[in-house]
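Since the structure of chain A is already known, use the hints to place chain B with the ligand on it.
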Amino acid sequence: MYRYDRTDQQIIDQRVAQYRDQIRRHLAGQLSTDELRPLRLQNGLYIQRHGPMLRIAIPYGMLSATQLRKLAEISRRYDRSVGHFTTRQNMQLNWPKFEETPDILAELASVEMHAVQTSGNCVRNITTDQFAGVAPDELTDPRPYCELLRQWSTFHPEFAFLPRKFKIAVNAATADRAVIRAHDIGLDLIRDDSGEIGFRVFVGGGLGRTPILGKMVREFLPRRHMLSYLEAILRVYNRYGRRDNMYKARIKILVQALGIEDFGRQIEEEWSYQQDGPSTVPDEEFERIARHFDPPARETLPAEDALHAARFRNDRAFANWVRRCVHAHRTPGYAAVTLSLKAPGAAPGDITEAQMIAVADLAERFSFGELRVTHEQNIVLADVRQRDLHEVWQIARRQRLATANIGLLTDMICCPGGDLCALANARSVPIAAAVNEKFDDLDYLYDIGDISLNISGCMNSCGHHHVANIGILGVDKNDEEWYQITVGGQQGNTATIGKVIGPSFYAQEVPEVIEALISVYLEQRTPGERFIDTLQRIGLDPFKARAYVGRDRRRSAKVETRELVNA
Amino acid sequence: MPRIIKHHQIVDDPWQILTLTDGETPGTVALPAAPVLLPLAVWLARRDEILARYQQPGVWLDSDEDPEALAGDIARLTVIGVNFPKFTDGRGYSSARLLRERYHYAGEIRAIGDVLQDQLFFMRRCGIDAYALRPDKNLEQALAGLSVFSETYQAGVDQPQPLFLRRLTEATA
Ligand code: SF4
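Just so you know, the protein sequences line up as chains A and B, in that order.
Just so it is clear: in the first sequence, position 527 is 536 by my numbering, and no numbers are missing.
Just so it is clear: in the second sequence, position 94 is 553 by my numbering, and no numbers are missing.
Please note: incorrect hints may appear among the correct ones.
Stated by the list, open to error - Straight-line Cα separation of at most 20 Å, DMTMM-like style, residue types lysine to aspartate or glutamate; simulated pairs:
(1) A:LYS486 x A:GLU518
(2) B:LYS545 x B:ASP573
(3) A:LYS176 x B:ASP548
(4) B:LYS596 x A:ASP30
(5) A:LYS79 x A:ASP370
(6) A:LYS257 x B:ASP523
(7) A:LYS553 x A:ASP542
(8) A:LYS257 x B:ASP573
(9) B:LYS596 x A:GLU121
(10) B:LYS545 x A:GLU44
(11) A:LYS447 x A:GLU524
(12) A:LYS79 x A:GLU121
(13) B:LYS596 x A:ASP43
(14) B:LYS545 x A:ASP253
(15) A:LYS447 x A:ASP370
What the hints assert, rightly or not - So these bits of chain A aren't anywhere near chain B, every CB distance computed over 10 Å:
(16) GLN23
(17) TYR87
(18) GLU167
(19) GLN275
(20) ALA363
(21) ARG396
(22) VAL496
(23) GLN499
(24) ILE506
(25) LYS508
Stated by the list, open to error - From the structure, some residues in chain B lie toward chain A, with a derived Cβ separation under 7 Å:
(26) GLY549
(27) ARG550
(28) TYR562
(29) TYR564
If you're looking for bench data, these hints aren't it; they were derived computationally from the structure.
Heads up, the beta-carbon is just placed ideally off N, CA and C, and yes, glycines get one too.
The following block holds chain A by itself, in its conformation from the complex (with noise of 0.2 Å):
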């Protein structure tokens, strides 16, 4: 993985001390709270319902063993011993006290860690693919672009106070696991037909109140371009993005407003002038920084270990594990494992600090001493050689690590919601334990297949619920907790954005609902079919019927609609 240079240290370290100073000013009164808001957010710290909440970057996805274990040590001296996964592949601390932030920041700068521009109006951190370096169907790594960016966008002095946050997402696999259509810029990574790389460029996607699909703007843009053209985006929207209105402020609203062309033609003009300037990338440089993700020694092994497949063969529930967890790997004889953070009882994403340490051992042992985060909120192990499987398997069991259900109904993405998150209108972490309870059977889990299932506690959307099969969004009737129920939401190639169903539902219905849902499912499915496909085929009105029987629904839910900015 990327390792800091002296510059890239010494930026960091720059950044503690600027931070430090700024509360510094604060305590002394030398800075008001408003003053103080936009930076200390551009440092990942928020003020939250319970107090302070600081949002750690993990620049797309990738950790150290090391800098897990400084997670862990973190976790310990300056919170309650647990972290929490994020949809952005940060981490967020729950519990820190707002004196105590600089000497975190400082932690975590001695490991190449920081919490830069995990928050505020700025571009945040870059996300991409888990798989990213091992996939069978990439067709060149992602992670030297990410870095490029991230580089690119740390502290960028014309873009630090955008009209809105600005998240950008890059693909380059033939399925798209990063779900680059709900980014303000989602990069697909291709090839032209001269063999060149390059990028379509997706603009405009979001989620939140007004969720939307990115859309192309531009079919192929040489690599060497990538940041120039960029800064024209990012320069049209810093002008004429709105500022009057927070709630339409996101540059999908102004892509909208111009419509698609109007916009495209814009940034090309914008571009006319930076095209081929100084902040055209040579080869040399995207060489320089792929060199940091060469993959590791692996060694050379038959494709099918003989050990392995007999375990597979004779231990069910090792197998059941296989079946979910265990991904291809590019090399014969790797696999890339994902460890579930999805356990009955535990909150979705959330990770102890013995399970960070468990982790980092597992990493260190297994897998080259890296590690990834999902956006789905687990972990993944990218370098396992399958006859470690068994062991790995064994290990994580005891951390809680190895429940076989990812894919499936309970590898819920759930947002921290009303526990915890001052903007949220309903708590989200109570509805994935009912529904972890109501499905607690895992041959149940097997037969119902692949699903998603994701819970946002407001319209912020932080859990996603709009790109799954089925969403369930927090709204607030009355100072009452409800919840707003969509269906046929899709991430990947054929991102869709779900559906409601009709009138909010009280947290007890819930897993009801889903039930009913999941049983029209199973009655109507023909061989083959997972949910969204016979959703597809037969359409919402069966589910839609079926989750209302018996139900008096006649007031209709006055829901919500107002996406809220962070504090």
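Below, chain B with the ligand alone, put in the same frame as chain A:
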């Protein structure tokens, strides 16, 4: 006399800023004694009169005003003010870069409005070289804001070569 930060120093500064108040129009507002930064609308309405009257004309741009409006006269202006109505309004950064990089303005660009210590570094990188801080702020302390980082990744007005190009030169030197 009010003081500002200019070229990394605190200096006395006589420039006034003219703002149109209710009832005043660009065509009729009285032009004050020099030196003064005039609103763009006044400049556009009375360019020749202003050029005849002031040896060192100055204009200020609000955050929603397009620097292109000054492109044709850029060499005649002594000071261009870039207004930050709120420090969270980042349009002025783009305006300053455009003035320098696209219209090749070589005179003073002065940040006016809600100008605070923690934005000075970004402003400097975008080509702003004078800073009229909000009056309640301590200028001596704010000076530190100009030099928070000793290295930067991206190209800027202060450093037209992005770090990656300089890294490559270093590696091959
Ligand atoms: S979706 Fe809403 S409740 Fe959930 S974390 Fe985001 S802002 Fe908070």
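For each hint, the structure was consulted:
no.: 1; hint: A:LYS486 x A:GLU518; in the structure: 16 Å, holds
no.: 2; hint: B:LYS545 x B:ASP573; in the structure: 5 Å, holds
no.: 3; hint: A:LYS176 x B:ASP548; in the structure: 19 Å, holds
no.: 4; hint: B:LYS596 x A:ASP30; in the structure: 16 Å, holds
no.: 5; hint: A:LYS79 x A:ASP370; in the structure: 13 Å, holds
no.: 6; hint: A:LYS257 x B:ASP523; in the structure: 17 Å, holds
no.: 7; hint: A:LYS553 x A:ASP542; in the structure: 16 Å, holds
no.: 8; hint: A:LYS257 x B:ASP573; in the structure: 24 Å, violated
no.: 9; hint: B:LYS596 x A:GLU121; in the structure: 34 Å, violated
no.: 10; hint: B:LYS545 x A:GLU44; in the structure: 10 Å, holds
no.: 11; hint: A:LYS447 x A:GLU524; in the structure: 8 Å, holds
no.: 12; hint: A:LYS79 x A:GLU121; in the structure: 11 Å, holds
no.: 13; hint: B:LYS596 x A:ASP43; in the structure: 15 Å, holds
no.: 14; hint: B:LYS545 x A:ASP253; in the structure: 12 Å, holds
no.: 15; hint: A:LYS447 x A:ASP370; in the structure: 34 Å, violated
no.: 16; hint: GLN23; in the structure: 5 Å, violated
no.: 17; hint: TYR87; in the structure: 24 Å, holds
no.: 18; hint: GLU167; in the structure: 4 Å, violated
no.: 19; hint: GLN275; in the structure: 13 Å, holds
no.: 20; hint: ALA363; in the structure: 37 Å, holds
no.: 21; hint: ARG396; in the structure: 40 Å, holds
no.: 22; hint: VAL496; in the structure: 39 Å, holds
no.: 23; hint: GLN499; in the structure: 35 Å, holds
no.: 24; hint: ILE506; in the structure: 30 Å, holds
no.: 25; hint: LYS508; in the structure: 36 Å, holds
no.: 26; hint: GLY549; in the structure: 3 Å, holds
no.: 27; hint: ARG550; in the structure: 6 Å, holds
no.: 28; hint: TYR562; in the structure: 11 Å, violated
no.: 29; hint: TYR564; in the structure: 15 Å, violated
In the structure shown, a violation is registered for the earlier hints numbered 8, 9, 15, 16, 18, 28 and 29, in ascending order.
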